[in-house]
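Quick note, the sequences are listed as chains Z and P, same order. FYI, the numbering for the first sequence is 1 to 323, going by the numbering used here. FYI, the numbering for the second sequence is 324 to 661, going by the numbering used here.
None of these hints come from the bench; they were simulated from the model. The structure displayed is predicted, hence computed values, not measured ones. The beta-carbon is built from N, C-alpha and C at its ideal position, and this holds for glycine as well. Heads up, a few of these hints could be off.
Derived contacts from chain Z toward chain P, CB cut-off under 10 Å, selection only [said to hold, decoys possible]:
| hint | residue |
| --- | --- |
| 1 | Q50 |
| 2 | E85 |
| 3 | K130 |
| 4 | A132 |
| 5 | K133 |
| 6 | P138 |
| 7 | E151 |
| 8 | A158 |
| 9 | E165 |
| 10 | L169 |
| 11 | L172 |
| 12 | T176 |
| 13 | T180 |
| 14 | Y181 |
| 15 | Q303 |
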Amino acid sequence: MQHDDVIWSVLNGQFCSYKQQKSKTQIFCSNEYNLTGLCDRRSCPLANSQYATVREEKGILYLYMKVVERSHYPKKQWEKIKLHENYIRALKQINEHLIYWPRFIRHKCKQRLTKLTQYIIRTRRLMLKKTAKQELVPIKKKAERRERRHEEKAFVAANIDRAIENELLERLKKGTYGDTYTFPVNAISMDEEDEEVESDEDEEEKEKEQESEEEIEYVEDFDESDAEDMEDMGDDMSDEEELIKSIPSSKKRSLEIEYEPAVEIPVRGAERAGIIYCYATRDSVADDWHVDKLEFKGSSQSQRFLFYDRALRRTSSSTEKLE
Amino acid sequence: MVRRKKDSDSNDNDKRPIHRKQSKKITNDDDEESSTRTPSGTLQVRNKMVRQLLYAKLKRSKSKSKLKERKARQQSDEPREEPKTIEKKRLRDETWVDENDQETLDDISNDELNNYFTRQADSTEPKLLLTSQEGFPTSFTNKFLKELARILPNTTYFQRRHHPIKRIIKKMNKLGYTDLLVVNEDHGKPCTLYISHLPEGPTMKFRLTNARLSKQLRSNRGKSCAKLTVRPEIILNNFNTRIGIRVGRLLAALFPHDPQYKGRHIITFHNQRDFVFFRHHMYLFKNEKKVALQELGPRFTLKLKSIQHGTFDALYGEYEWIHKPKHKMDTERTKFFL
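Just chain P, same shape as in the assembly (with noise of 0.2 Å):
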């Protein structure tokens, strides 16, 4: 058994009682001694029990010194900063478009899906066409496919069963549908949406997340979502940048033009930080103030993966876009391309 060494060991013939600080103030002198200073400044000490109480001592000095100053910034009178958000942090992006510049304005606008938003006479209405992967949908996806079908105005959807996509776009051109969107799954949920808008449109590859049925919402009761037989409106919010524009427009191309504002449907497609938040509601105006909403419909969320010129094409075609993860493009969290 081996009896530890106190300092009050020393100290009896004094008969004093032992104070914390005095004992410290022993050891400090050890400190200097025992203690070195690295070269970058920080003190190192050798006893764990010192170190410790010296480390309890600077957080608390500093809290208390925070504290202060958070007390003298509340009674000044100065203005609050605003709080940091990482939109507000969002790296400056070259491809964000000015709305008041005109030649991108332009350029934008004659991309494929000109004619749709010129309202050219054979592509206004958009006829989309919906397909699983190769194969048997497994039953959620299968019943959310039945509900986009539903949804989307104008939508068939087809069983794919084996029939290679690039045999299904031929058929489609012949028949006149402008879109194709392909749903593939992994471990029984949808996990990849693929949108090809069809003369010789984009297409897109999004990865699809956290799909809702309709029946799955709270606000539904329960009850799955009719079908949508009114022209709904839709909002697209914030898509800033080329490439987002570029999306928003694709979207916005699956959907017929003229609204029809007594149905009070509304489509959204949100984006926040690179996902696009898709939900669906009704909404009703209780005064020039308030609006209530009601969500119906399947909700999911999309982040794009890459876009390919030229209609479905996986291997030989030519990509405008990859998400490429390996290559560094997630290091910032600050850097968004949507």
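The shape of chain Z in the complex, shown without the other chains (with noise of 0.2 Å):
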């Protein structure tokens, strides 16, 4: 038999396993099929033979009811009914299936409903928010602290800038720079220390002093400062002009590929000596030279810079340029 009071009067007495007094005001009921969470004598689960919940299992809302007549089917004891995902329908549903049972217990359910319906509402907002969809993925020190590790060790074996000149340097050995840069790159000279390459340049340059010396006997001390003496030279360039586009093709090193220089002027300054290379045109013979461009090759430099071109000047003097 049922005694629902004598029940009550042991757990209330005596102990409960469910009962949490953690503060002086209110007791509450840790059952988990509890209706109102408090420890009382109309809600304990265990001291009521008929008693009702509604509990929520996955975002789904689940009518409990328990009666007399199972008390001694400890199996079967909690009837449980789905309820309607429409809160009004669901509403409905606890009035018919609590139809005579005790207000207190049918209020409560409606109550418990209410709240379970809203707390579902929040939980499905709260996921779409990001910080839900942020995985919150732990960091283990010790793999990463190895992994730290692993990739100094690799930068250290990698040597990346050597690589990387490495690989440039084939490049430019299989030709993939073609023409671009003008220093030879055929299998002889590369055998050659720098010295002996830089001495060849030496022979050139001496070779075409010397042709131009037969000419003109003023080219040697030319000097950069001396601007004047750019327009004197107009004059005689075209005798050196065609002295130099007669010299057969063969004896001009790679280093002219691309250019041929109308006028090579050697030069010797405080810090290094180099060529200025000075292209000219002009419309006519009785015309005057103008100068086009001016490029400069330091002695042991591989590459021209241009130091001056006609096309960018703002005034029309091209000689102001030149300082």
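Could you use the hints to bring the two separately framed chains together as a complex?
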């Protein structure tokens, strides 16, 4: 026989494992089937043989009912009824199922339904937010430390700058850059040391000097700063031009493949020596020469630097630009 | 107060100086009784002082013999052994691609990036979109993204602002973009890079570490890198296995064809032990044997985490390869995947 009062007097007076009295004012009941959550004569699921609750499972609400007739079947004690998704229809369902039940239980069930539906709506909204989407992955310290160390070691082993340089030099050797770079890239010269290559250049320069000497004597003394000489030179340029152009192309080094210099002027300064390449044009034989481009190449450098270009000048006088 | 009983006490009558050797001798006899041999054969001496002395002696003799061997080696004319590096000890990888294997090469060249490499009309010029993760990026990541947008050609930096990636991808397909790059961050620093090749290409997730802005590089002297208007040259080093080549192709497809050599800009992806180092340099040939490099632009390191078929679909995509440390992919020091 079910003696609810006896059970209650025992649970209330002596010991109930679900009883939580953390505060002085309120006693809670941690039984999962409890309707209100409080430890009460009317709310205790153990001390009431006719009892009902509403519970939520994975977003779906169920009505649980317990009656006296099933009190000796512990396995079948709670009848589980799935409530409708629609809140109002769910309320109606509760009214139907708990039709002749005590008002307290019916009322509290409906209250609980309301609370739980609100809770479900809130959960859904939170799930859609950014913070819920972010998956929090724990950082494994040891693994991180190991990876960082591996990276450092790999960096040291890689020797990236050296690898890049080697790759670039290989590409140069293969010829992917074509004629862009004007130093000899043939098999023989690769074996020579740098000094030898330079000495070759010196020899060529001397050759050119000698050739120009035959025609014009004052070329050697020409300095960068003497701008006026450039204009004087104009008259004599035609001779030089013809001379240099008459040099068979085989004598011209691979240095000169791209451009054919009109005039080469060897110069010497405080720090280094070099050659100024001067390109000039004139409209007719009677006209003056107009300097188009001036390039400088140091004796130890491989590339020329354009330092005057007629197309970019602002003023009409070209001599101003030379300084 | 306990006075330790020394051996000298018993030998007092002899009036001889006690040498170490002698005392050891005495204890040695005791040793055989007080010490035992373990099943594996090591000598177990109970007395700590004696044990320490024995061990020190053993060590000294070992180092002596080593030194002897070393000297003999140095003086002899034997060729030196090659130093052992991890790269040399690398475990034999079945997916290592042989250059002469035409079948594998054909297989490789028929992947999603085929259009780019065979220079089909639509896909030659890559058009990249660069974004951050959902929300707003922090200052460092922001700067990093803007620098990347300046370095990678034909890139637009697009502000993410809660747009879901799938929607972005749809729009990109309409507008003719070829690649999507997403940079995620953690604790203020960029930590992950997703590269998704658009028409239907693979999506690769990399772990981004050691990101440095161009300002922070010493060679730049505090100036940031200007926008790259020239088509740079690309170097892809050490991409050897099937996975490696796949990664290499994806990275190469981010850049336009036909580099302009006059610009002398070079972008490198160097793979060493599964870490891909990104560098951006400007080079100058001093002569045919020397090159001078100046590092511009940002630098960072990538490590491949996963390859997924198709465009970005983290949950339902088909994964080709995932790095799973839990399943013991990391146990061998000499095993690499790229």
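Run through the hints listed earlier and report the numbers of any the structure violates, in increasing order.
1, 2, 4 and 6
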